[in-house]
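**Q** Protein chains in written order, with my numbering: chain P, 30 to 196; chain C, 90 to 817.
Treat each hint with caution, since some may be false.
Claimed, not checked - Subject to a maximum C-alpha distance of 20 Å in a straight line, what follows is the list of computed SDA-like cross-link-like pairs (lysine to any residue):
1) C/K246 <-> C/G190
2) C/K761 <-> P/D40
3) C/K124 <-> P/V73
To be verified - A few chain P residues facing chain C, derived, Cβ under 10 Å:
4) V118
5) K121
6) D187
Claimed, not checked - Where chain P lies over chain C, by a calculated footprint (3+ residues, C-beta under 8 Å):
7) 164-176
8) 327-337
9) 381-393
10) 431-443
11) 726-737
12) 767-777
Quick caveat, the hints were computed from the structure, so don't treat them as lab data.
Using N, Cα and C, we set each Cβ at its ideal position, and we do this for glycine too.
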Amino acid sequence: MIHLEQVQRADTVQTTPIVCMHCEDPACAAVCPADAIKKTPDGVVQSSLKPRCIGCTNCVYACPFGVPKYDAQIDQMMKCDMCYDRTSVGLKPMCATVCPSGALFFGTPEELAAERSGTPINEFIFGGKKVRTKVYLMVPAGTRALTVSTGALVRKSDLKQVVRQDG
Amino acid sequence: MANPPVAVELLNEQFGPHPAHVPPGGWVGRAQPEKIIKTHCCFCGMQCGIQLKVSKNQVIGFEPWEEFPFNRGKLCPKGVKRYLQGGHPDRLLTPMKRVEGQGFVPISWEEAFETTVREIKRIQAQYGPDSFAMLSGVSLTNEKSYLIGKFARLALKTANLDYNGRLCMVSAGAGNKKAFGLDRASNSWDDIVHAEVILLAGTNVAECSPITTDYIWRARDRGAKLIVIDPRVTPIARTCDLHLPVKPGTDSALLLGILRVLIEEGFTNEAFIAEHTSGWEDTKAAALAMSLEEVSRISGVRVEDIQKAGRMWGEAKTSFLMHARGIEHSTKGVDNVVSCINLVLATGRIGKKGCGYGTITGQGNGQGGREHGHKCDQLPGNRDISNPDHRAYICSVWGCTDEELPGKGHTAPEIMEMIHAGEIKGLLSICFNPLVSLPDSNFTAEALGKLEHYTAIDFFLNETAYHADVVMAGSLHEEEEGTSTSAEGRVIKINKVVDPPGEARTDTSIILELAKRLGAGKFFDHFTDSESIFNELRVASKGGTADYFGITYQRIVDEMGVFWPCPEEGHPGTPRLWEDYKFKTNDGKAHFNAVTYRPPAEEVDDEYPIVLTTGRVVSHYLSGTQTRRIGGLVDLCPDPYVEIHPTLAEKYGIVNDQWMRVESRRGHVVLKAKVVSTIRPDTVFIPYHWPGKKAANNLTNRAYDPVSGIPEFKRACVRIAPASGPEQ
Ligand code: SF4
Ligand code: SF4
Chain P
30 MIHLEQVQRA
40 DTVQTTPIVC
50 MHCEDPACAA
60 VCPADAIKKT
70 PDGVVQSSLK
80 PRCIGCTNCV
90 YACPFGVPKY
100 DAQIDQMMKC
110 DMCYDRTSVG
120 LKPMCATVCP
130 SGALFFGTPE
140 ELAAERSGTP
150 INEFIFGGKK
160 VRTKVYLMVP
170 AGTRALTVST
180 GALVRKSDLK
190 QVVRQDG
Chain C
90 MANPPVAVEL
100 LNEQFGPHPA
110 HVPPGGWVGR
120 AQPEKIIKTH
130 CCFCGMQCGI
140 QLKVSKNQVI
150 GFEPWEEFPF
160 NRGKLCPKGV
170 KRYLQGGHPD
180 RLLTPMKRVE
190 GQGFVPISWE
200 EAFETTVREI
210 KRIQAQYGPD
220 SFAMLSGVSL
230 TNEKSYLIGK
240 FARLALKTAN
250 LDYNGRLCMV
260 SAGAGNKKAF
270 GLDRASNSWD
280 DIVHAEVILL
290 AGTNVAECSP
300 ITTDYIWRAR
310 DRGAKLIVID
320 PRVTPIARTC
330 DLHLPVKPGT
340 DSALLLGILR
350 VLIEEGFTNE
360 AFIAEHTSGW
370 EDTKAAALAM
380 SLEEVSRISG
390 VRVEDIQKAG
400 RMWGEAKTSF
410 LMHARGIEHS
420 TKGVDNVVSC
430 INLVLATGRI
440 GKKGCGYGTI
450 TGQGNGQGGR
460 EHGHKCDQLP
470 GNRDISNPDH
480 RAYICSVWGC
490 TDEELPGKGH
500 TAPEIMEMIH
510 AGEIKGLLSI
520 CFNPLVSLPD
530 SNFTAEALGK
540 LEHYTAIDFF
550 LNETAYHADV
560 VMAGSLHEEE
570 EGTSTSAEGR
580 VIKINKVVDP
590 PGEARTDTSI
600 ILELAKRLGA
610 GKFFDHFTDS
620 ESIFNELRVA
630 SKGGTADYFG
640 ITYQRIVDEM
650 GVFWPCPEEG
660 HPGTPRLWED
670 YKFKTNDGKA
680 HFNAVTYRPP
690 AEEVDDEYPI
700 VLTTGRVVSH
710 YLSGTQTRRI
720 GGLVDLCPDP
730 YVEIHPTLAE
740 KYGIVNDQWM
750 RVESRRGHVV
760 LKAKVVSTIR
770 PDTVFIPYHW
780 PGKKAANNLT
790 NRAYDPVSGI
800 PEFKRACVRI
810 APASGPEQ
């Protein structure tokens, strides 16, 4: 289960899909008091196990990428599990299959680099702490790791700057 | 008598829209599908391939169809959620009639047909055959479009048949016919990927034709430059190389300016112009008649940006230009279209790999639907109903005489004006919701109230059908086999996935039954199924510009679509037009059309000082009859809103999320403000998919393009004020 966020709609139409980055050392699982979040041997961090999840939302607060969501109607945390039902049988995850603009891609970082401009990276620095992930993000060529700070990724658009004013 | 029989609120309670939702936590424990059927999405001209999962005669889910070459499994939210129409609680399951004070009550099919036919006969006997009109829609397949064209002319015997493509593709169609003598995108989308520069004029591709973004990004990954003409920063404009934020309604001036740059800076392809075109001298003179300073003053785009656009377009060796309703929904819609084509022809970049041009069809079957006969001036194969040779050919296919074939009728907005004026007394509609989609909704509502009889065929009770006397429960896209034609001109196969539920019938069987009861059975009795209709369509289109003769159901399946023209069964189809530079005009050349700038129908003044423009959002389709009933889509955009620039908002004391009133000379709406810097400071935007008090079309102008008859949805003048809350 992924979700979409609008980034500062007042300044831009940018949206960003929030998919689980499948951390090598997942904070969500580390903070789970019920041990409800498991990582598969192939590195996919699963959604919470229904019998174990106590709905405490620790994971929601711990995840640096804002991925897990608590669903009150079913009293359970739900998150992207890379469509394990699909990817474990050779299909692509649903989001990357249907994504109309190709913003989401399923394949190896090498395949991605060959098709796109930019560089795939999987190291993110949050307030001095480095997080390595299974999922890659495309960034401008030459970048090695991304230091994440609020607002740094937003390109603002203000049409007042580019329309002729005296028409 | 055609006003709603009870309060609209009561009808809404009974008939919806009630959004169908995925249950919390997903479809846990849902039955495995009995079958998975390949078909296409119904919600835009992309016509994405999709597979629908079926259990117990109900669509219960979907699976991407990755082998289908156009969209390769990709879908937008409308495609992902379309399956929720299956088993929808609002679905009409029986015919109904209007009972004053009670609402709509179920009746038998016998009564529905008997009443409708009796009223048609009564009205036509009293007021003449053309006093009964038919309005149709291009969510319908090619087969149904063809059938309705034939039905209206030979069974209903009326000239007054038109369709909702009048609000969509008619400016593009007219412009393409002027320039090329044929009405289709010149290339398959594959050529986009090989273009060095892409120009998007008035087309919010990310929301209205989402798969197009994939092609554009593949070109950009190869280094292509992207220019976007739009008064808003649309999602595709956000990262473009050059954004020209044009003032709504002034596109032709801007396009003249770009052409002027091409001429002045030596970017024109004189050899191509001399050999393959006509009309250049006048066009060039018209472009040189307006200075860039003047263009800039009218269009609100800076001179340096116009020059940059000309250079970006001029310097490239390959290019692709696309436009859509942004420039076409205008009293200068056709001028704007030919102005775009002038840029393509001036640089001679057409008919080759990576050199393309196309309008982007908005509706599911906007392309095929308009080619085969429910446009008031056309006969199948994109033939002209006023041309004696074209008429003679269709008469020979249909087995009728020239006297039996009515002439050119009126456009959909004209039909509504004539209903209002009391000249048209009866209406049969299918798949069209003019109360939401025509400009000036208050006028449309008044007109509908004057009808003596109105029968509506639809699968959900849309807002226009609230005014009906008889409602016939028709079929959804997935309930009938047929073909449709995508924005690329690719003819594809729509497959039947489930049967119509309850007593609902297929649209085809309803039309055929009406034809029989109207005494025209001899023209229709040989139709046994959709394929038999398609086979007659193939013959009827043969020799026309939109020639489908070589296309068969089997070929479409085997080849995953066939591009028309395809005149013979052995013909491969035509993904890219004009490779031979033999254009379909009278002189065989591509025509430049000189354009002189005209102002829009409504200019701002002290009373109405702000420009309003309208459009779509990604989660809704047309008048929302379907998408306002699909939970996930409603959640994405539950209500319309007003996009307004912070500078303008501040001037009026409006803050984000606050209620505000927008008023034009026709009507008003009270909606919430979305204060965003991504729109021109002199313009507000409202999406149009909602009815009643939330309808953007309460504000829009009944002003039409003189050639195409398209309404000027993209420009009206309004005044605004803060409001304390929604209208009660
Ligand atoms: S991205 Fe968030 S939810 Fe996903 S594994 Fe890392 S911490 Fe857990
Ligand atoms: S609405 Fe258009 S783009 Fe979206 S899935 Fe349907 S056909 Fe494809």
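**Q** Look at each hint and say if it fits the structure.
**A** Going through the hints against the structure:
For a cut-off of 20 Å, the pair hint linking C/K246 to C/G190 is broken: about 34 Å separates their Cα positions. Proximity of C/K761 to P/D40 is assessed by CA-CA distance (about 18 Å); at most 20 Å being required, the pair is judged to hold. Between the alpha carbons of C/K124 and P/V73 the distance comes to roughly 31 Å, so the proposed pair goes past 20 Å and is violated. The beta carbon of P/V118 comes no nearer than 13 Å to any beta carbon in chain C, farther than 10 Å, and the hint placing it at the interface is violated.
For P/K121, the interface hint holds, the least distance from its beta-carbon to any beta-carbon of chain C being 8 Å, beneath 10 Å. Checking P/D187 against chain C by beta carbon gives a least distance of about 4 Å; that is within 10 Å, so the hint holds. With 4 residues carrying a beta carbon less than 8 Å from a beta carbon of chain P, the stretch 164-176 of chain C meets the three-residue requirement, and the given coverage holds. Look at the stretch 327-337 of chain C against chain P: 5 of its residues bring a Cβ nearer than 8 Å to a Cβ of that chain, three or more, so the hint holds.
For the stretch 381-393 of chain C, the stated coverage by chain P holds: 7 residues have a C-beta nearer than 8 Å to a C-beta of that chain, and at least 3 were required. Look at the stretch 431-443 of chain C against chain P: 0 of its residues bring a Cβ nearer than 8 Å to a Cβ of that chain, fewer than three, so the hint is violated. A count of 3 residues in the stretch 726-737 of chain C with a Cβ less than 8 Å from any Cβ of chain P is obtained; the coverage claim is therefore met, three being the minimum. Remark: the stretch 767-777 of chain C is confirmed as covered by chain P, as 5 of its residues place a Cβ nearer than 8 Å to a Cβ of that chain, reaching the required three.
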